[in-house]
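Work the whole structure out from these sequences, hints included.
Counting in the numbering used here, the sequence shown runs from 1 upward without gaps.
The set of hints was computed from the structure by calculation and includes no laboratory data.
Keep in mind the model is a prediction, meaning the values are calculated, not measured.
Ideal Cβ placement from N, Cα and C applies to all residues, glycine included.
Be aware that one or more of the hints could be misleading.
Derived DEER-like restraints, expressed as beta-carbon distance ranges [to be verified]:
(1) Glu115 with Gly73: 24 to 34 Å
(2) Gly43 with Glu115: 18 to 28 Å
(3) Ala125 with Ile20: 33 to 43 Å
(4) Ala18 with Ala134: 40 to 50 Å
(5) Gly86 with Ala2: 16 to 26 Å
(6) Phe12 with Asp122: 32 to 42 Å
(7) Glu144 with Phe12: 27 to 37 Å
(8) Pro17 with Ala88: 39 to 49 Å
(9) Gly73 with Asn52: 29 to 39 Å
(10) Glu144 with Gly87: 12 to 22 Å
(11) Phe12 with Arg138: 29 to 39 Å
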Amino acid sequence: MAVFQWQRQIMFRDCDPAGIVFYPRYFEMMNDCVETFFDQAIGWSFGQMHINDGLGVPMGQISTRFEAPSRLGDVTHWRMWLTRLGGASVDFAMEALGGDASQNETRPERRLRTEGTLVCVDVQAMKSHRWPEAIRTRLAPYLEEGTA
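Right, here's the structure in full:
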């Protein structure tokens, strides 16, 4: 099974007055991870998907457990893989790992774990649409073993 990996440094704009990530910002980071996954791993950028192909992948469901705070300057290491590949949707798992940047910590700590469903939709009709076969083929390697 392939696992998509992406890094993002925590910026000032992500933090609340206490200097930790304000939790709604994590949902923006999750979306950035999904968009980067489709662009870099699948070869189907959101521009191509939305503008040229008339499709999109909105979130149909999401469940997140926040396990530890991230602070300004921390580098988060995101991991994403698929747990189910359906006809017009995909279930995924995602986690963000990080260490304390101020102390050059090398042992990553899980900051959050997310499970969700993305639905392939026709953006004009706003109805589900089967995955294009070429995209489905590119998604398959990211499917967790034993979940086919």
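Going through the hints against the structure:
no.	hint	verdict
1	Glu115 with Gly73: 24 to 34 Å	28 Å, holds
2	Gly43 with Glu115: 18 to 28 Å	25 Å, holds
3	Ala125 with Ile20: 33 to 43 Å	41 Å, holds
4	Ala18 with Ala134: 40 to 50 Å	46 Å, holds
5	Gly86 with Ala2: 16 to 26 Å	19 Å, holds
6	Phe12 with Asp122: 32 to 42 Å	39 Å, holds
7	Glu144 with Phe12: 27 to 37 Å	36 Å, holds
8	Pro17 with Ala88: 39 to 49 Å	42 Å, holds
9	Gly73 with Asn52: 29 to 39 Å	38 Å, holds
10	Glu144 with Gly87: 12 to 22 Å	18 Å, holds
11	Phe12 with Arg138: 29 to 39 Å	36 Å, holds
Comparing the model with each earlier hint shows no violations; every hint is respected.
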